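The sequence shown begins at 1 in full-length UniProt numbering and counts up by one.
Source of the hints: derived by calculation from the structure; they are not laboratory data. Be careful, since some hints might not be right.
Calculated pairs, DMTMM-like style, for lysine to aspartate or glutamate (alpha carbon to alpha carbon, straight line, at most 25 Å) [what the hints assert, rightly or not]:
| # | residue 1 | residue 2 |
| --- | --- | --- |
| 1 | K123 | E44 |
| 2 | K123 | E35 |
| 3 | K123 | E135 |
| 4 | K123 | D53 |
| 5 | K123 | D39 |
| 6 | K123 | D29 |
| 7 | K123 | D31 |
| 8 | K123 | D91 |
Distance ranges between label pairs, derived from CB positions [unchecked claim]:
| # | residue 1 | residue 2 | range |
| --- | --- | --- | --- |
| 9 | L127 | H90 | 28 to 34 Å |
| 10 | E35 | L55 | 16 to 22 Å |
| 11 | I89 | T63 | 26 to 32 Å |
| 12 | G92 | A32 | 29 to 35 Å |
Note that the coordinates shown come from a computational prediction; the quantities given were computed from them, not determined experimentally. Here a beta-carbon is modelled for each residue, glycine too, at the ideal position from N, C-alpha and C.
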Amino acid sequence: MLHEVGVRGESSDSPGKRSEAWTVMLVDDDDAIVETLRDVLLTEGYQVAAFTDPLLALEQLRTGMRVDVLLLDCVMPTMDGRQFMEELIHDGRTMPIVLVTALSDPSFCVDARHPLVAALINKPFDLDQLIESLEAMRTGRASRAA
Numbered sequence: 001m002l003h004e005v006g007v008r009g010e011s012s013d014s015p016g017k018r019s020e021a022w023t024v025m026l027v028d029d030d031d032a033i034v035e036t037l038r039d040v041l042l043t044e045g046y047q048v049a050a051f052t053d054p055l056l057a058l059e060q061l062r063t064g065m066r067v068d069v070l071l072l073d074c075v076m077p078t079m080d081g082r083q084f085m086e087e088l089i090h091d092g093r094t095m096p097i098v099l100v101t102a103l104s105d106p107s108f109c110v111d112a113r114h115p116l117v118a119a120l121i122n123k124p125f126d127l128d129q130l131i132e133s134l135e136a137m138r139t140g141r142a143s144r145a146a
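I would like the entire structure built from these sequences, with the hints used as guidance.
See below:
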């Protein structure tokens, strides 16, 4: 299901807003997580494409949707994070990926040293930490997940 592709019309000089909006694709099968993250990211000035179905998200990417960063859940019923990343690579798409997982051992999903993995965040996570990670990636200050 495509929740929505959203952009809030706030001015770029508002406190805490990005002067150059980044597009974040959010893919997680949990409706509550998708809705919460979508709302937080929109409030922070990001453009958001939010999906609960990874197959629909992949279809949007294949039809040319431009995305700056992907927030990707590791475990989903129709396609897990590893499979999603393999499809991206097969399609020749590269973008920084923030893996989000509730797994105690995320290596079950994917190696955190994978070239596309920019960060690994465990659920439950701190929203401020997520925003800081995205902002660091946007401004080129990100350090890779270990």
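Hints and how they fare:
{"no.": "1", "hint": "K123 x E44", "verdict": "holds (20 Å)"}
{"no.": "2", "hint": "K123 x E35", "verdict": "holds (15 Å)"}
{"no.": "3", "hint": "K123 x E135", "verdict": "holds (19 Å)"}
{"no.": "4", "hint": "K123 x D53", "verdict": "holds (19 Å)"}
{"no.": "5", "hint": "K123 x D39", "verdict": "holds (18 Å)"}
{"no.": "6", "hint": "K123 x D29", "verdict": "holds (13 Å)"}
{"no.": "7", "hint": "K123 x D31", "verdict": "holds (15 Å)"}
{"no.": "8", "hint": "K123 x D91", "verdict": "violated (29 Å)"}
{"no.": "9", "hint": "L127 x H90: 28 to 34 Å", "verdict": "holds (32 Å)"}
{"no.": "10", "hint": "E35 x L55: 16 to 22 Å", "verdict": "holds (20 Å)"}
{"no.": "11", "hint": "I89 x T63: 26 to 32 Å", "verdict": "violated (18 Å)"}
{"no.": "12", "hint": "G92 x A32: 29 to 35 Å", "verdict": "holds (33 Å)"}
Of the numbered hints given earlier, the model fails hints 8, 11; all others are met.
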